[in-house]
Amino acid sequence: MYLHLGQDYIVPLQSVVAVFDMDTATASKRTRLLLERLQDEGRIIELYDDLPRAAVLCENALGETLYLTQLSPQAIQRRAEKGYAV
652 MYLHLGQDYI VPLQSVVAVF DMDTATASKR TRLLLERLQD EGRIIELYDD
702 LPRAAVLCEN ALGETLYLTQ LSPQAIQRRA EKGYAV
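Residues in the sequence shown are numbered consecutively from 652, following my numbering.
Calculated from the structure, these hints are not laboratory results.
Don't take each hint at face value.
[Claimed, not checked] Pair ranges (Cβ atoms, derived):
#1 Glu-732 to Lys-680: 24 to 32 Å
#2 Arg-729 to Gly-693: 28 to 36 Å
#3 Thr-675 to Ala-712: 25 to 33 Å
Ideal Cβ positions, reconstructed from N, Cα and C, are used throughout, including at glycine.
Using the sequences plus the hints, can you model the full thing?
Below is the structure:
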């Protein structure tokens, strides 16, 4: 099963580690440090036009990637529960 994150990006559902609400995620120092590290490593992919509403952390054999998307965390959850095969 796969998860569509917007702007023609899909990821394997089993690679998803966490989904963060960007309205509250930066309140935590640990989350801010994670965002800074991934930004420095060039591991953030921006999938939004205005402001990101959610961040999806994925991990695979190549390491961690953070996808910033305009989808809400609730929409991502619904898509994950529904899932689809490609």
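Could one say that the CB atoms of Arg-729 and Gly-693 fall in the range 28 to 36 Å?
30 Å, holds
24 to 32 Å as the expected CB spacing between Lys-680 and Glu-732, which holds or is violated:
31 Å, holds
Take the C-beta atom of Thr-675 and the C-beta atom of Ala-712, compute their distance, and say whether it sits inside 25 to 33 Å.
30 Å, holds
Comparing the model with each numbered hint stated earlier shows that all of them hold.
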